[in-house]
Every structure is written in structure tokens, then in C-alpha cells.
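If you read the protein sequences in the order shown, they are chains A and B.
Using full-length UniProt numbering, you'd call the opening residue of the first sequence number 1 and step up by one each time.
Using full-length UniProt numbering, you'd call the opening residue of the second sequence number 1 and step up by one each time.
Hints in this document: simulated from the structure, not taken from any laboratory.
Note that the structure is a prediction, hence the values are computed from the model and not measured.
Be careful, since some hints might not be right.
Since the list gives no way to pick one copy over another, a pair counts as held whenever it fits inside one copy or between any two copies.
Straight-line C-alpha distance at most 25 Å; calculated DMTMM-like pairs for lysine to aspartate or glutamate [what the hints assert, rightly or not]:
#1 49 <-> 134
#2 171 <-> 61
#3 171 <-> 181
#4 171 <-> 110
#5 59 <-> 26
#6 171 <-> 114
#7 49 <-> 78
#8 49 <-> 17
#9 171 <-> 116
#10 59 <-> 110
#11 171 <-> 119
#12 171 <-> 13
#13 59 <-> 78
#14 59 <-> 17
There are 2 protein chains.
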Amino acid sequence: MQESPSPAGRPRDPEVERSILTATQDLLIEHGYPGTTIAAVAARAHCGKSAIYRRWGTKAELVVAAVSDLQVAAEVPDTGDLRDDLLRAALHFAATDERSGPVLASLLSEIGRDRELYDVAYRLIGGPPVAAIETVIRRAIERGQVSPEAPVTLVAGIVPTAAFGSISLRKRSLEPQAVVDLVDRVLLPALRAAPPPSGT
Amino acid sequence: MQESPSPAGRPRDPEVERSILTATQDLLIEHGYPGTTIAAVAARAHCGKSAIYRRWGTKAELVVAAVSDLQVAAEVPDTGDLRDDLLRAALHFAATDERSGPVLASLLSEIGRDRELYDVAYRLIGGPPVAAIETVIRRAIERGQVSPEAPVTLVAGIVPTAAFGSISLRKRSLEPQAVVDLVDRVLLPALRAAPPPSGT
Chain A
1 MQESPSPAGR PRDPEVERSI LTATQDLLIE HGYPGTTIAA VAARAHCGKS
51 AIYRRWGTKA ELVVAAVSDL QVAAEVPDTG DLRDDLLRAA LHFAATDERS
101 GPVLASLLSE IGRDRELYDV AYRLIGGPPV AAIETVIRRA IERGQVSPEA
151 PVTLVAGIVP TAAFGSISLR KRSLEPQAVV DLVDRVLLPA LRAAPPPSGT
Chain B
1 MQESPSPAGR PRDPEVERSI LTATQDLLIE HGYPGTTIAA VAARAHCGKS
51 AIYRRWGTKA ELVVAAVSDL QVAAEVPDTG DLRDDLLRAA LHFAATDERS
101 GPVLASLLSE IGRDRELYDV AYRLIGGPPV AAIETVIRRA IERGQVSPEA
151 PVTLVAGIVP TAAFGSISLR KRSLEPQAVV DLVDRVLLPA LRAAPPPSGT
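Next comes chain A alone, as it looks inside the complex (with noise of 0.2 Å):
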């Protein structure tokens, strides 16, 4: 414990996150991002500020936070079949839990103007299923299967993309088939149509 600057010997409790998590998560449905402010998130969630503060430094923080707790972990897949690692990949920005889709709206209508909000998100939230995607091509690519060529970058952003602007335009993610199509009859091709690996 020493120099924490959480009270020592005093484990959080685990219900007061869930509450705040839930409280937060309300708010940004009905009030958007600006009305989503700490009293607001402290009073519907019966607790102190200083009981979210001790949590999340920021607002940005628990905000980035309420949004994670929706989102499916980014997983890194490896069947050592594209395809399959591709779907399972991509398949993080289709639409799961309900409240997942306008949560994520009320962060991303934001995200534009804040630049520290921005930041948070893309590093917790955006980023590592971006990555993820990323890895399993260039997998790829070492297992010889997609040339060294393929433009990485540009076709690990197209899922992500069209998901971003699904759900600040619908406030809704993805379909499952949405993202199934996009692997099949755009990501597989443009990744294929690279120049194959030269044979020396």
C-alpha cells in the first residue's frame, strides 16, 4: 500500500463500480455526452463524487470507461485460416448488447471537438480491435498467404470505418451480416489482388 493515494487497506467496492458504470451509461443515452456530468452521474448512482474520482481521474476517463464496458473485448484470433481470423476480428464491430450502439453515438459525436476525449478513446476503445484486425493480415503475410504488398492499413480501417459511421449516423452498430459481406466481398478481394509475394 504505501504511498497510494487510495485509502489504505480499503477495497473498493465492486456494486459502487457497477453503479456508476450504469448510472454513467443512462445518462449518456438519454442526456448525451454534455449532460453526463459527475453530479449527475453521483446523484443517479446514490454516491459521493469522490467515490468516481477515487475511480477515473476525469470525465473523459469514466465516460471511455461506461463506453468499454459495452464493447466486447478485441480479441487477436489465430486460426492460421484468413478468413476465419478476419471474421472473428472484424466481427468486434458488429452489434452486440442493445445499449452498446447509442453509448458509443454519445461518445463519438464528441470525439470530433475533444481532443484529450479523442485521445482516451482511441487508445482504450478504437484502437485495439483496429489492431487486431491489422495483426491477423500481416499474419497473413508471414504465412505467405496475402502478399507483402497488400495495403494493410487501408483495408484494416474499411470495417472500423463503416462501423464509426453507422452508429454516429444510426446510433447503431454494425450487422453481423454487414460485417460478413464487407469480409467477403471487399476485404478478402482487396487483400487477394495484391501483386503476389515476386518468386526469387
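The hints should help you fit chain B onto chain A, whose structure is shown.
Then chain B, alone, in the frame of chain A:
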């Protein structure tokens, strides 16, 4: 003139229209959509509010006109060459005027929460260039250069979606080279990968 609601015999002054549009663009850049009120536009353009309402019935229509004013008109090229046509249609979404990115960003940040604005913006700004890309692909299908099985809508949405993401997150249109890369390395491979028209 008959029962036209506009003042009979009094032609609209194009200079007034120009200064209203410029004032609206300036306010969108400086204060965003919420800060761009009709009163603020009138003050900045040195005209009365009635001069604005005579031309545009609502704030949404005025803002969409001010955004459109900075967009290149969507063209439907028809050179007979799929790549040339795709490039011309898709380059609509590349950077042009320096002000167009931030002005469009101020509109896009609002359309997720304002259905009327979304509809007007889609009809006048987003829809026509997307339709142009679709038309170009459908003509190539008619010429037998692309399979009728090609995923037209999916492919036609890629550049507009990438542009939406770039403007929303970076307040900048796509670079022309990014559009060329998408056409050559994603759109064309996806269109060519579709099963070829089955021979009779």
C-alpha cells in the same frame, strides 16, 4: 409573379446572398452548428433576419446551402473506362477548398441528433455523389465490364464512408491520393472479384 410569396418585382441581390452564405460558413467554423443562429448570421452579414428567411425557410436549409456552396458539384462521369469514371466520381470526396472540411464537420457533428437536418443534408450533399459512384458502377455492369453480381452498394459506400470518418474525426477531407488508393486497391479489386457474368 401572381401569388408568389416573394416581393413582386424585387429581384434578389446576389451580393446579399453571398454575404449571408459566407457569414454562415464563418460562424460554423468559429462556433459550430449550435452557435450559428439566424440572428448571429444576420448580424455578421449586415442584413435583417427577414433577408435570410426570404431565401431559406429554416436554419437547417441555410446551413446546408452554406455547406453545399463549398462542395464541388457531384458529376456522373461517363468516359467508358471504369477506373477513370470511378476516380472522377470518387474524387468529389477529396479535399478541395480549405474551408470545406471544417464547415462540413460542423454539419456532420449535428446530423446524428437532428433528423430533419440529416434528411436535408443527405438529399442535397451526401446523396448525389454517392449516387454518382453507383451509377458509374452500374454502367460498367451494363457494358459487361463488371459482373451483375458485384456488390454495388457496398462498394459505392466505401469512399463516402471514409470521407465521413476523416471529416468527423480530423475535420479534413480525404487527400486525393487516399481516394486514388481506395479506388485502385479496394474498389476495383472488389468489383473484379465478383463472379463474372455466366456465359450463355
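Checklist entry - Out of the numbered hints, which ones does the structure contradict? => result Hints 1, 7, 12 and 13 not satisfied by this model.
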